[in-house]
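*Asks:* Here is what each chain is made of, one letter per residue.
There are 2 protein chains.
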Amino acid sequence: MANAKQQVQALLFDVFGTVVDWRGSVIREMTAFGEGRGFKHDWAKFADEWRGLYQPGMEEVRSGRRGWTILDVLHRESLLVLLDRYGMTGLSEHEIKHLVTIWHRLDPWPDAVGGLTRLKTRYIIGTLSNGNIGLMTRMAKRARLPWDVVLGAEPARAYKPTPEAYLRNAEMLNLEPHELMLVAAHNSDLAAAARVGLRTAFVLRPDERPGQTIDLAASQDWDVVTTSFHGVADAMGVPLLRGIGRV
Amino acid sequence: MANAKQQVQALLFDVFGTVVDWRGSVIREMTAFGEGRGFKHDWAKFADEWRGLYQPGMEEVRSGRRGWTILDVLHRESLLVLLDRYGMTGLSEHEIKHLVTIWHRLDPWPDAVGGLTRLKTRYIIGTLSNGNIGLMTRMAKRARLPWDVVLGAEPARAYKPTPEAYLRNAEMLNLEPHELMLVAAHNSDLAAAARVGLRTAFVLRPDERPGQTIDLAASQDWDVVTTSFHGVADAMGVPLLRGIGRV
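Protein sequence lines correspond, in order, to chains A and B.
According to the working numbering, the first sequence is numbered sequentially starting from 1.
According to the working numbering, the second sequence is numbered sequentially starting from 1001.
I should point out that these hints are in silico values taken from the structure, not numbers from a laboratory.
None of these values were measured; they are calculated from a predicted model.
Among these hints, one or two may not hold up.
Stated by the list, open to error - Straight-line Cα separation of at most 27 angstroms, DSSO-like style, residue types lysine-lysine; simulated pairs:
| no. | chain 1 | residue 1 | chain 2 | residue 2 |
| --- | --- | --- | --- | --- |
| 1 | A | 141 | B | 1040 |
| 2 | B | 1141 | B | 1097 |
| 3 | A | 97 | B | 1120 |
| 4 | B | 1005 | B | 1045 |
| 5 | A | 97 | A | 40 |
| 6 | A | 5 | B | 1141 |
| 7 | B | 1141 | A | 141 |
| 8 | B | 1120 | B | 1097 |
| 9 | A | 5 | A | 120 |
| 10 | B | 1120 | B | 1005 |
| 11 | A | 120 | B | 1120 |
| 12 | A | 120 | B | 1045 |
| 13 | A | 5 | A | 45 |
| 14 | A | 141 | B | 1005 |
| 15 | A | 5 | B | 1097 |
| 16 | B | 1045 | A | 97 |
| 17 | B | 1005 | A | 120 |
| 18 | B | 1097 | B | 1040 |
| 19 | A | 141 | A | 97 |
| 20 | A | 141 | A | 120 |
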């Protein structure tokens, strides 16, 4: 950790689950949409199924079977599968766009904005998400996430957890892998980052999925293990800011 | 303009000369470096010659004779040419890096931060510079430029004024070309952007180069023609902010 504090110049963040509560936000939006449109479904199940189509969609791209495709497009394709599955027919193009961009309107965890604001005083902070740039940019504006830079899979043209997704992001910041720290709530993401030399911070997000059985503890000896972004800031030696509570 | 105000969702900015005073900043840094190291030269001439090597360096990449190469690398190569030309020998690797990263430490024009802060309340704001992401990110942190997103030549893998440099940036923001406005102090940049359908704002920067003979007026009927970023905000219908003067 002493080394990490001295060497790290930038912290890049996994976003879905780590910075924002994707599940609660999708449920919130789908509930409101369903009420307006007269659709009644188990929206928690809908949210989980939508997220469940996330990895298979990206795997087509990672495997090379499909050319580079941004997450908004994959989200739209998986939404259409779900609408069919749930018998939600007759939606307009405008409504479909509204639903696809639910992922642009996810709410942050309560400590996210305050913790990021602290970290930004000492480090470059940015996204290292599989979400595309347009998605991340609009999410950040709505949620007031104070990123210095929006990076991730799209500018790297590689989805996590392929090595290129991490290494190309380090390169785009003119950094060696050990000068870059990934902050994530998912051990598998951190493991892939550590394998190519990045520093790692695990933030426990036990409310990402109710009843979740993984990611309830650090699976390895990550550089930082904590329960909030303030914990990351503490570990990285960033003082508290006047007027910004710890939540 | 009525149309532009309604349709534009994001404003991307040329940076060298439009947002920051590259010439004054290079002179300031080279003067300080020269004093410390005992080099006496005409640093204004040095700055102009360094910038003069900018287009030929990028042209190698644009023409396809050379693979994608970020501006920091081109800046380093042109610096080495200049150090030789000026007989500045014996510099350490640390000193060379310090000089190359002068371009990371450029000062903004007086209206830049205030005007951007206003525009950010209504629009996505970001960079569309030939400078690479690491350069732009560090410049923004030092100068407190409140970008929502750092885009430009590097994520597009195309230097301006090629059409791809503009179109890929629109695409990365999920925008049609007419939903994106380029703000620049250089008519040639705006002309290239307009040719592929972007909206355009010309900001007069008569102090970019003393005695400059070009870019002292709009060469075409751009959507916005003004003399500061506050003028862009006025034209785009963004109210003044309490506590942020017009400079």
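*Asks:* What hints, given by number in increasing order, does this structure fail?
*Replies:* 1, 4, 8, 12, 13, 16, 17
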